[in-house]
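Let the hints inform the model, and build the full structure from the sequences given.
Just so it is clear: in the first sequence, position 363 is 363 by the working numbering, and no numbers are missing.
Worth double-checking, as some hints may not be accurate.
[Unchecked claim] Pairs of lysine to aspartate or glutamate, DMTMM-like flavour, derived with a Cα cap of 20 Å:
(1) Lys448 - Glu464
(2) Lys139 - Glu128
(3) Lys595 - Glu552
(4) Lys56 - Glu93
(5) Lys510 - Asp489
(6) Lys399 - Glu363
(7) Lys77 - Glu45
(8) Lys510 - Glu422
(9) Lys481 - Glu265
(10) Lys159 - Asp130
(11) Lys448 - Asp489
(12) Lys42 - Asp62
(13) Lys479 - Glu215
(14) Lys77 - Glu128
(15) Lys286 - Glu265
(16) Lys461 - Glu426
(17) Lys530 - Glu552
(18) Lys297 - Glu327
Don't read these hints as lab results, they were simulated from the structure.
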Amino acid sequence: MTRTIVLSQTHFLSLPNNQPNSIELSNSFNEKGWLCLLKRCKNMEEFKQVHAHVLKWGILFDSFCMSNLVATCALTKWGSMDYACSIFNQIDEPCSFDYNTMIRGNVNKMKLEEALLLYVEMIEEGVEPDKFTYPFVLKACSLLGACDEGIQVHGHVFKMGFEGDVFVQNSLVNMYGKCGAINCARDVFDKIGEKSVASWSAIIGAYACVEMWHECLMLLGEMSNEGKCRVEESTLVNVLSACTHLGSPNLGKCIHGILLRNISELNVVVETSLIDMYVKCGCLEKGLRVFENMSEKNIFSYTVMISGLAIHGHGKEALKVFSEMVEEGFEPDHVVFVGVLSACSHAGLVDEGLQCFKTMQFEQKINPTVQHYGCMVDLLGRIGMLKEAYELIKSMSIKPNDVIWRSLLSACKVHLNLEIAEIAAENLFVLNQSNPGDYLVLANMYAKVQKWDDVAKIRKKMAEKSLVQTPGFSLIEAKRKVYKFVSQDRSIPQWNTIYDMIHQMEWQLKFEGYIPDTSQVLLDVDEEEKKERLKYHSQKLAIAFGLIHTSEGSPLRITRNLRMCSDCHTYTKYISMIYEREITIRDRHRFHHFKNGTCSCKDYW
DNA sequence: GCCTTATAGC
Numbered sequence: 001m002t003r004t005i006v007l008s009q010t011h012f013l014s015l016p017n018n019q020p021n022s023i024e025l026s027n028s029f030n031e032k033g034w035l036c037l038l039k040r041c042k043n044m045e046e047f048k049q050v051h052a053h054v055l056k057w058g059i060l061f062d063s064f065c066m067s068n069l070v071a072t073c074a075l076t077k078w079g080s081m082d083y084a085c086s087i088f089n090q091i092d093e094p095c096s097f098d099y100n101t102m103i104r105g106n107v108n109k110m111k112l113e114e115a116l117l118l119y120v121e122m123i124e125e126g127v128e129p130d131k132f133t134y135p136f137v138l139k140a141c142s143l144l145g146a147c148d149e150g151i152q153v154h155g156h157v158f159k160m161g162f163e164g165d166v167f168v169q170n171s172l173v174n175m176y177g178k179c180g181a182i183n184c185a186r187d188v189f190d191k192i193g194e195k196s197v198a199s200w201s202a203i204i205g206a207y208a209c210v211e212m213w214h215e216c217l218m219l220l221g222e223m224s225n226e227g228k229c230r231v232e233e234s235t236l237v238n239v240l241s242a243c244t245h246l247g248s249p250n251l252g253k254c255i256h257g258i259l260l261r262n263i264s265e266l267n268v269v270v271e272t273s274l275i276d277m278y279v280k281c282g283c284l285e286k287g288l289r290v291f292e293n294m295s296e297k298n299i300f301s302y303t304v305m306i307s308g309l310a311i312h313g314h315g316k317e318a319l320k321v322f323s324e325m326v327e328e329g330f331e332p333d334h335v336v337f338v339g340v341l342s343a344c345s346h347a348g349l350v351d352e353g354l355q356c357f358k359t360m361q362f363e364q365k366i367n368p369t370v371q372h373y374g375c376m377v378d379l380l381g382r383i384g385m386l387k388e389a390y391e392l393i394k395s396m397s398i399k400p401n402d403v404i405w406r407s408l409l410s411a412c413k414v415h416l417n418l419e420i421a422e423i424a425a426e427n428l429f430v431l432n433q434s435n436p437g438d439y440l441v442l443a444n445m446y447a448k449v450q451k452w453d454d455v456a457k458i459r460k461k462m463a464e465k466s467l468v469q470t471p472g473f474s475l476i477e478a479k480r481k482v483y484k485f486v487s488q489d490r491s492i493p494q495w496n497t498i499y500d501m502i503h504q505m506e507w508q509l510k511f512e513g514y515i516p517d518t519s520q521v522l523l524d525v526d527e528e529e530k531k532e533r534l535k536y537h538s539q540k541l542a543i544a545f546g547l548i549h550t551s552e553g554s555p556l557r558i559t560r561n562l563r564m565c566s567d568c569h570t571y572t573k574y575i576s577m578i579y580e581r582e583i584t585i586r587d588r589h590r591f592h593h594f595k596n597g598t599c600s601c602k603d604y605w
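Here it is, written out as structure tokens:
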């Protein structure tokens, strides 16, 4: 029969201290016993109390016990690195284990420079690093994004002969990935003899870091072809993120299937990724279903759900989830408030938004960041409270950035307020962060009120600056593959069928009353040329492709890297009506659900 | 005695 010992340090501490300082007592309680008590402490206070007893009675700990003490202070949740350090300094000849512990503790607490300095100290003191040292040191490099140091450490790994250790190799893959050196990551990965799940997860994560999403999917395929390891949640989280970025709900669904077949109970992290994937791929309902069936939720899950509802324009529901979160006892942080405020902004819930902004500052004591202000400017701007929006910007405790001024500018465009638009534009130009779109908005506004001189001035400024626009693209999924289109694209296979389709659509559109909005074309070319340019915007190519390659009546889903131009917006509204298709488009700002000639954003975006 | 992989935001 074995007996379970249920005594803890609290029992010890609660006994009255009737004994004088006697050696006898300490003898009756050997060092292993003390160590046991120390390791079972629940916070730093308790630990210090028990440790004080140890010191008072002059207990001499051997190096094994000292190492354990350092580990307890450095690695437990409640531990203090300062205290760990003070014990560490009492060790006469710290071994690699002690250094490893200290390095790990510092990495866990994000004291990354300290971690690297300890590694340096270790070498200088002549303590030989072992194979356990490198994963921690490399993690410090990866979190710092310190590629140069990482390369140096890689050299040490070679010299010490640990280049064949799978833990070290995985850590190297991770380090190179996080530093963006994808080729180096791949080199290390290819040399791993027996790849573990963590190896695959690390390389997929590395490709995710550099946003090479197709490669993430390919690697998952390679991994299952090899058939040596089973996927884990951590492998698939990055793959889900690839699906999200590719805007591919069908691939995402496959991953969901793999998860359900391989893992009995999904954890919070992967479920949160699933929600994020579904929601950002336009399948709000599916995301909600996962959310509702979660057995455990954390602040990430709530944030994903709230901002998901926000980008779909479901403000009221987002606020409901937010109050649910608060009722469950979660402390809202600044990120969740970005979601809440953007929900109010996308749905035009002005009073609620203003209320939340107040609550955040005065009840939750969260200082607004530029993102919060951005939401508020959007919110006020949307319903035409432009003066209030401008006043808010002026009252900001931090310097407004280009995003803030651009929000104000686009609100001015919608409500045609030239006076404030000029202020916003001027600030954008001063910041030197302006893009061609900003000039264009202002020029269009001048054109609307027939101020042709000003239009010319703006055009001239644009030409002088020779501004380059980020190339826009649209992604669409058909037959389990994701296709990418860029404006005026003729490099795609069968481009002529797509262009034929565009021409066919043109006739129908004209008949229904669509008029191309050539003010969206930035180039200094004649009207006819502008119309030609407008026809082949990436979104239109993707729609034409979708109409050809999907069955009649089925919905189209498109993902864009930039915001939609207003001509594409109008165009898509007409197409949804003429071809009786639901078209869901995610741009970099939100979702647009086109149906029967209208859009869920109510023409404000 | 210690190690590697994973989730949110204008």
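Index of numbered hints that the structure contradicts, given in increasing order: Numbers 1, 4, 5, 6, 8, 9, 11, 12, 14 and 17 - these are the hints that the structure violates, sorted from lowest upward.
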